[in-house]
Amino acid sequence: MGNEQTKIIANDISVRYILGDFKEVGLKDFVVQKLKGTYQRNEFWAVKNVSFQLKQGELLGIIGTNGAGKSTLLKVISGIMIPTGGTLSVQGSIASLLELGSGFDGELTVKENAFLRGAMLGYTREFMNDTYRRILEFAELEEFENHLFKNLSSGMKSRLAFSIACLVNPEILILDEVLSVGDGAFRQKSEDKMMEIIKGGATTLLVSHSLAQIRRLSTKVLWLDHGKQVAFGDTASICKEYEEFLKSKKK
Amino acid sequence: MNILKELLLRLKKNQFLFEELVKRDFKKKYKRTILGMLWSILSPLLQLIVMSIVFTKFFGRGMDHYTIYLFTGNLLFSFFKESTVNGMHSLMQNAGIIKKINLPKYIFLLSKEVSSCINFGLTLIIYFLFVIIDGVPVTWRFILLLYPILFMLLFNIGFGFILSALFVLFKDIQYLYDVFTLMLMYLSAIFYTTDVFSPAVQKLFYCNPVYAYISYFRQIVLEQTVPSVWLHLLCAVYALAAVGIGCLIYKKLNYKFLYYM
Numbered sequence: 001m002g003n004e005q006t007k008i009i010a011n012d013i014s015v016r017y018i019l020g021d022f023k024e025v026g027l028k029d030f031v032v033q034k035l036k037g038t039y040q041r042n043e044f045w046a047v048k049n050v051s052f053q054l055k056q057g058e059l060l061g062i063i064g065t066n067g068a069g070k071s072t073l074l075k076v077i078s079g080i081m082i083p084t085g086g087t088l089s090v091q092g093s094i095a096s097l098l099e100l101g102s103g104f105d106g107e108l109t110v111k112e113n114a115f116l117r118g119a120m121l122g123y124t125r126e127f128m129n130d131t132y133r134r135i136l137e138f139a140e141l142e143e144f145e146n147h148l149f150k151n152l153s154s155g156m157k158s159r160l161a162f163s164i165a166c167l168v169n170p171e172i173l174i175l176d177e178v179l180s181v182g183d184g185a186f187r188q189k190s191e192d193k194m195m196e197i198i199k200g201g202a203t204t205l206l207v208s209h210s211l212a213q214i215r216r217l218s219t220k221v222l223w224l225d226h227g228k229q230v231a232f233g234d235t236a237s238i239c240k241e242y243e244e245f246l247k248s249k250k251k
Numbered sequence: 252m253n254i255l256k257e258l259l260l261r262l263k264k265n266q267f268l269f270e271e272l273v274k275r276d277f278k279k280k281y282k283r284t285i286l287g288m289l290w291s292i293l294s295p296l297l298q299l300i301v302m303s304i305v306f307t308k309f310f311g312r313g314m315d316h317y318t319i320y321l322f323t324g325n326l327l328f329s330f331f332k333e334s335t336v337n338g339m340h341s342l343m344q345n346a347g348i349i350k351k352i353n354l355p356k357y358i359f360l361l362s363k364e365v366s367s368c369i370n371f372g373l374t375l376i377i378y379f380l381f382v383i384i385d386g387v388p389v390t391w392r393f394i395l396l397l398y399p400i401l402f403m404l405l406f407n408i409g410f411g412f413i414l415s416a417l418f419v420l421f422k423d424i425q426y427l428y429d430v431f432t433l434m435l436m437y438l439s440a441i442f443y444t445t446d447v448f449s450p451a452v453q454k455l456f457y458c459n460p461v462y463a464y465i466s467y468f469r470q471i472v473l474e475q476t477v478p479s480v481w482l483h484l485l486c487a488v489y490a491l492a493a494v495g496i497g498c499l500i501y502k503k504l505n506y507k508f509l510y511y512m
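If you read the sequences in order, they're chains S and C.
Count the first sequence with my numbering and you get residues 1 to 251, in order.
Count the second sequence with my numbering and you get residues 252 to 512, in order.
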């Protein structure tokens, strides 16, 4: 079991947002309120006391209703945010595919965007030169190479994003609602590709609202609700509980 | 030495990204313009023409090479303004990326800085053409101009760091900065000379970093003298202070920017 080392250890992670800060108030009111002593900031815990561990090759499905803190948690793991409380240890290179099309530039062509994104994900120019054709082929965008990115359909955009992130064989792959778009054929293809990466030893975190997908792919599940950790562990049982929770909410 | 090594290593690692960002900024800047990069040269020239028509009558009497005097001030001030305004927006413009991918944030400002530098370089060539056409003697001392250029570039970067951080926190800064640059322009003695003021007031002008750099340029080009050691120090201190403060702010707020984007 030597290769099954622990890749991610999250221990009691919390993230606090500050609301009503001078971002919303504006400089003038901020100064005035500060002088008057009426200035107040509201705290909001987007993620509160979340702990889990992931070994190499595992796929963690993260479930929860809107605003449960799933995306914030992924931001912490990918290193964009530091947790307000708790400790996190992540070992290995991360490719994160957070939300569709974000970070792409509509005014640039598909090719330019592919290189820019590749650069952001930390690839080298040589690597991009070598893999660019394969990326395009996988995304089925060969004919659109020189089209402006803004003229692509949203499905095409997500295909490109997925293809760039997946052709690297990262050690840790972060997918936020990425697999649920694109047509059926591409969805199947991307799922296959992902399984290939996971079999290659990558550790994956997947956020999805499709419970069927979570059931099919995940080896472990983390259920968040309003930032708090409801459950972590076995896929089948937690998915069942979550399903019942959703049903009870509808009533 | 170790810090330097680490910095070079990090730059090397991000070189590809840096180049792609520069390309992107450039492509977007001149997109859909007919004259494209020619605007980098045309717009300062047009500005110069307008200013010299307006001001020669008032301030240029009894002064040799007034156009060059004006051009010097305008050249450096435009560099400062373009570079810092671009710098100010560099973080927010890339908010979409910064929020999603973990990257060193200063790289966005530095890539913007490249396009300001290219603009400045192009205008500088035109400037030297004007200098020659106007019959100003070109001496070995012109090499010294590299000194204020280098430190002004550093100053712009440092100031850009500070502004971009402030802009993330307070959007009001962009309007305040408009007024601030207007005021600074009038205080930079671009189209008038400072010798109408008392010596004490003339010294006060040096509180304005942009004026210090302009003054260095003029002493070399128009007065054919090497500026004092004191001015050399001043140019360096302003730049290093701006970079120092900028870096500190970035370091302190690195993970906090996100909350305000």
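It is possible that part of the hints are untrue.
What the hints assert, rightly or not - No more than 30 Å apart at the CA atoms, straight line, and that leaves these computed lysine-lysine pairs for DSS-like: (1) S:K228 / C:K280; (2) C:K256 / C:K280; (3) S:K228 / C:K278; (4) C:K503 / S:K111; (5) C:K507 / S:K36; (6) C:K332 / S:K111; (7) S:K7 / C:K264; (8) C:K454 / C:K332; (9) C:K282 / S:K150; (10) C:K308 / C:K422; (11) S:K55 / S:K150; (12) S:K28 / C:K278; (13) S:K7 / C:K282; (14) S:K228 / S:K249; (15) S:K34 / C:K280; (16) C:K263 / S:K111.
Said to hold, decoys possible - One side of the interface only, derived from the structure: several residues of chain C facing chain S at Cβ under 7 Å: (17) F267; (18) L268; (19) K279; (20) I352; (21) I400.
No wet-lab data here; the hints were simulated from the structure.
Keep in mind it's a predicted model, so treat the numbers as computed, not measured.
The beta-carbon is built from N, C-alpha and C at its ideal position, and this holds for glycine as well.
Going down the list of hints, with the structure as the test:
Proposed proximity of K228 of chain S and K280 of chain C is contradicted: the alpha carbons are some 45 Å apart, above 30 Å. Among the hinted pairs, K256 of chain C with K280 of chain C is inconsistent with the structure: their alpha-carbon atoms are about 34 Å apart, more than 30 Å. Under the criterion of a C-alpha separation no larger than 30 Å, the hint pairing K228 of chain S with K278 of chain C is inconsistent with the structure, at around 45 Å. This hinted pair does not check out: K503 of chain C and K111 of chain S have alpha carbons roughly 36 Å apart, beyond 30 Å.
For the hint linking K507 of chain C to K36 of chain S, the alpha-carbon distance of about 25 Å falls within 30 Å, and the restraint holds. For the given pair, K332 of chain C sits about 33 Å from K111 of chain S by alpha-carbon distance, which is inconsistent with the 30 Å threshold. Using a Cα cut-off of 30 Å, the hinted pair K7 of chain S and K264 of chain C holds, with the two alpha carbons roughly 24 Å apart. This hinted pair checks out: K454 of chain C and K332 of chain C have alpha carbons roughly 23 Å apart, not beyond 30 Å.
For the hint pairing K282 of chain C with K150 of chain S, the CA-to-CA distance comes to about 15 Å; that is within 30 Å, so the pair holds. The straight-line distance between the Cα atoms of K308 of chain C and K422 of chain C is roughly 40 Å, outside the 30 Å bound, and the hint therefore fails. Between the alpha carbons of K55 of chain S and K150 of chain S the distance comes to roughly 39 Å, so the proposed pair goes past 30 Å and is violated. Of the supplied pair hints, the one linking K28 of chain S and K278 of chain C is violated, its CA atoms being roughly 37 Å apart against a limit of 30 Å.
Annotation: proposed proximity of K7 of chain S to K282 of chain C is violated, straight-line Cα distance about 45 Å (limit 30 Å). About 17 Å separates the Cα atoms of K228 of chain S and K249 of chain S, which keeps this hinted pair within 30 Å; it holds. For the hint pairing K34 of chain S with K280 of chain C, the CA-to-CA distance comes to about 40 Å; that exceeds 30 Å, so the pair is violated. Between K263 of chain C and K111 of chain S, the direct Cα distance comes to roughly 23 Å. Compliance with the 30 Å bound is thereby established for this hinted pair.
About 5 Å separates the beta-carbon of F267 of chain C from the nearest beta-carbon of chain S, less than 7 Å, and the hint is met. Residue-level restraint check for L268 of chain C holds (minimum Cβ-Cβ distance to chain S is 4 Å; threshold 7 Å). Because the smallest distance between the Cβ of K279 of chain C and any Cβ of chain S comes to about 6 Å, under 7 Å, the interface hint for this residue holds. Because the closest C-beta pair between I352 of chain C and chain S is about 5 Å apart, less than 7 Å, the hint holds.
Residue-level restraint check for I400 of chain C is violated (minimum Cβ-Cβ distance to chain S is 29 Å; threshold 7 Å).
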